[in-house]
Amino acid sequence: MAAFSIRCISPISKNRIERIRKLKMAFRLKQKSVLPGFGLSFGFTVLYLSLIVLIPLSATFLKASSLTWPRFWHIVTAPRAIASYELSFGASAIAAGINLVFGLIVAWVLVRYTFPGKRLFDSMVDLPFALPTAVAGIALTAIYSANGWVGQYLQPLGIKAAYSRLGVVIALTFTGLPFVVRTVQPVLEDLDKEMEEAAASLGADRLQTITRVILPAIMPAALTGVTMAFARAVGEYGSVVFISGNMPMKTEITPLLIITKLEQYDYAGATAIAVVMLVVSFVMLLAINLMQAWSGRRTRNSAASELALSEA
Amino acid sequence: MATALTLRNLWAAPDRAAQATTESGWVRWSLIAVAVLFLGTFLFLPLAVVFASAFAQGVSVYFAALREPDTLAAIRLTLLAAGMAVPMNMIFGVAAAWAIGRFEFFGKSFLITLIDLPFSVSPVVSGLIYVLIFGLQGLLGPWLAAHDLKIIFAVPGIVLATTFVTFPFVARELIPLVQAQGNEEEEAALTLGASGWQTFFRVTLPNIKWGLIYGVILCNARAMGEFGAVSVVSGHIRGLTNTMPLQIEILYNEYQFAPAFAVASLLALLALATLIVKSAVEWKTLRSAEQPEASAVDLRTTEKLTPVIGAKAA
Numbered sequence: 028m029a030a031f032s033i034r035c036i037s038p039i040s041k042n043r044i045e046r047i048r049k050l051k052m053a054f055r056l057k058q059k060s061v062l063p064g065f066g067l068s069f070g071f072t073v074l075y076l077s078l079i080v081l082i083p084l085s086a087t088f089l090k091a092s093s094l095t096w097p098r099f100w101h102i103v104t105a106p107r108a109i110a111s112y113e114l115s116f117g118a119s120a121i122a123a124g125i126n127l128v129f130g131l132i133v134a135w136v137l138v139r140y141t142f143p144g145k146r147l148f149d150s151m152v153d154l155p156f157a158l159p160t161a162v163a164g165i166a167l168t169a170i171y172s173a174n175g176w177v178g179q180y181l182q183p184l185g186i187k188a189a190y191s192r193l194g195v196v197i198a199l200t201f202t203g204l205p206f207v208v209r210t211v212q213p214v215l216e217d218l219d220k221e222m223e224e225a226a227a228s229l230g231a232d233r234l235q236t237i238t239r240v241i242l243p244a245i246m247p248a249a250l251t252g253v254t255m256a257f258a259r260a261v262g263e264y265g266s267v268v269f270i271s272g273n274m275p276m277k278t279e280i281t282p283l284l285i286i287t288k289l290e291q292y293d294y295a296g297a298t299a300i301a302v303v304m305l306v307v308s309f310v311m312l313l314a315i316n317l318m319q320a321w322s323g324r325r326t327r328n329s330a331a332s333e334l335a336l337s338e339a
Numbered sequence: 095m096a097t098a099l100t101l102r103n104l105w106a107a108p109d110r111a112a113q114a115t116t117e118s119g120w121v122r123w124s125l126i127a128v129a130v131l132f133l134g135t136f137l138f139l140p141l142a143v144v145f146a147s148a149f150a151q152g153v154s155v156y157f158a159a160l161r162e163p164d165t166l167a168a169i170r171l172t173l174l175a176a177g178m179a180v181p182m183n184m185i186f187g188v189a190a191a192w193a194i195g196r197f198e199f200f201g202k203s204f205l206i207t208l209i210d211l212p213f214s215v216s217p218v219v220s221g222l223i224y225v226l227i228f229g230l231q232g233l234l235g236p237w238l239a240a241h242d243l244k245i246i247f248a249v250p251g252i253v254l255a256t257t258f259v260t261f262p263f264v265a266r267e268l269i270p271l272v273q274a275q276g277n278e279e280e281e282a283a284l285t286l287g288a289s290g291w292q293t294f295f296r297v298t299l300p301n302i303k304w305g306l307i308y309g310v311i312l313c314n315a316r317a318m319g320e321f322g323a324v325s326v327v328s329g330h331i332r333g334l335t336n337t338m339p340l341q342i343e344i345l346y347n348e349y350q351f352a353p354a355f356a357v358a359s360l361l362a363l364l365a366l367a368t369l370i371v372k373s374a375v376e377w378k379t380l381r382s383a384e385q386p387e388a389s390a391v392d393l394r395t396t397e398k399l400t401p402v403i404g405a406k407a408a
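Just so you know, the protein sequences line up as chains A and B, in that order. According to our numbering, the stretch in the first sequence is residues 28 to 339, in order. According to our numbering, the stretch in the second sequence is residues 95 to 408, in order.
Don't read these hints as lab results, they were simulated from the structure. Accuracy of the hints is not assured; some may be wrong.
As the list claims (entries may be wrong) - In the DSBU-like style, the derived pairs of lysine-lysine whose C-alpha atoms are separated by at most 35 Å in a straight line are:
id, chain 1, residue 1, chain 2, residue 2
1, B, K378, A, K145
2, B, K202, B, K378
3, B, K244, A, K220
4, A, K220, B, K378
5, A, K57, B, K202
6, A, K59, B, K303
7, A, K59, A, K145
8, B, K372, B, K303
9, A, K187, A, K220
10, B, K378, B, K244
11, A, K59, B, K244
12, B, K303, A, K145
13, A, K145, B, K372
14, B, K244, A, K57
Said to hold, decoys possible - Output of the computed footprint for chain A on chain B, the stretches with three or more beta carbons under 8 Å from beta carbons of chain A:
id, region
15, 132-140
16, 159-173
17, 238-252
18, 349-361
19, 367-379
We put the beta carbon where it would ideally sit given N, CA and C, even for glycine.
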């Protein structure tokens, strides 16, 4: 009984001590440490970050603030701009959806099954990170154009893959491919086989075990991956410009619209659209951070409950 | 004995247990087929088409395309831009990892988010921000023009844009690694009389070596392949401000497909080399993680520190 009550209380008091420690830390700028070099490394980090990233980024907002609000609104809600948002966000969402479905299958197959060439496929998943976007762009265009390796079979079916919205989706699927696989894979590897055995012994069939036990466990990671793939796709330029055909109102993505405005020396227009894209990417970054915290908490919780189980 | 027992248990276990926790054969093989088909169309096909198109008009056209003066200039510029951006970001990455991984301070997670920022900015916007500062119409434009300094549509702009898009790579690899390793080894080194720099070069650096290589390799791949950001700041002056990806674009838009794919094949080879090094590093870290930790730590610290202490005593 005594042991029971101690076990019950101790996590709470531990939590409280941790919280007090954190609170104390929040009021002190830096905790004491015997290691040297904080001033130098921290100073250099902040200086370099400010020079390369923060000051240039804030200059964009400064430049945009020289626009009056009605003028800004007029630029960012022009029909051509709206059409580009629809394409960029729509195609990115479809590509992220494709990557969710196939990313889950690929991650599952790579973790759970063995087949010849598995290691090769596993390391090739990162190719879209390593292959320059321009190379991917011309390669995909060559494959899906009317006389290309795949395009020639789609043409008779009346499917126009290159120089169409479908082409944009294909290019964005390529660039976002590694994200879901690489976020889900480690979670799937750590997933306890015992949970599945427990589900099975409680009478669940395989499909039920997968939908009720495995999918909920990997969902936070999968959603993080999907959001990353979407965020990357929205800003993507190099792989899309070659395959999209770049028709205003039809196959013109938002980053291309910025380039078009720059080439016409319309700096104000380019800046206004860039501000919209920056705000979207900040929101996406925030969403990804929140999701990662959520998914991290979930894995930590399950680890904690496992520990409690093994102690008991 | 123990293995024999588990083996017998496995044999004795009825197929039903396996059925409940694995998929039936046809499900398994169709899932593998779907995955292989998906990866095949989206990864292997593009790679294959690059090399097939590069050699479509023969080997001589391929090598002639690579010897073009404009192409050679593009290769040189790409090497120059990566050669400047990567070391700068490497030094930054190590400094950030030391500050963030070794110390506790207020606003740390916010700082990490800020470091990640360039990843979520569109490449085109990454180039545009420098045009808005250094361009003729930019904030510093008139001053630069008065002093006859050229940043946009010149090499410095290309280096800056490349630095921006590859900014987080090394830091991102190193921060979690340094955090996971803890401070004990460095504290031991300091206690044994090593100076701060000695501790860094002889204890920390060997420990983060593989992560550093990995980060630098990824950083370099992106630096050499960046297209959107560089395209905005370069001005596309042939032989002067064209990097390899921009040269590919120009050749491709002129319908010189074989030469365009020839240059592209060089970058594809770089991507493949990057993946090979990445796999090797992952394999290496996996193997060192499997080694018994205590002995590895002991060996490393005593080996590395003995000469330091010896030098001090002498």
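Worksheet item: If you check each hint against the structure, which ones fail?
Response: 3, 7, 9, 10, 11, 14, 16, 17
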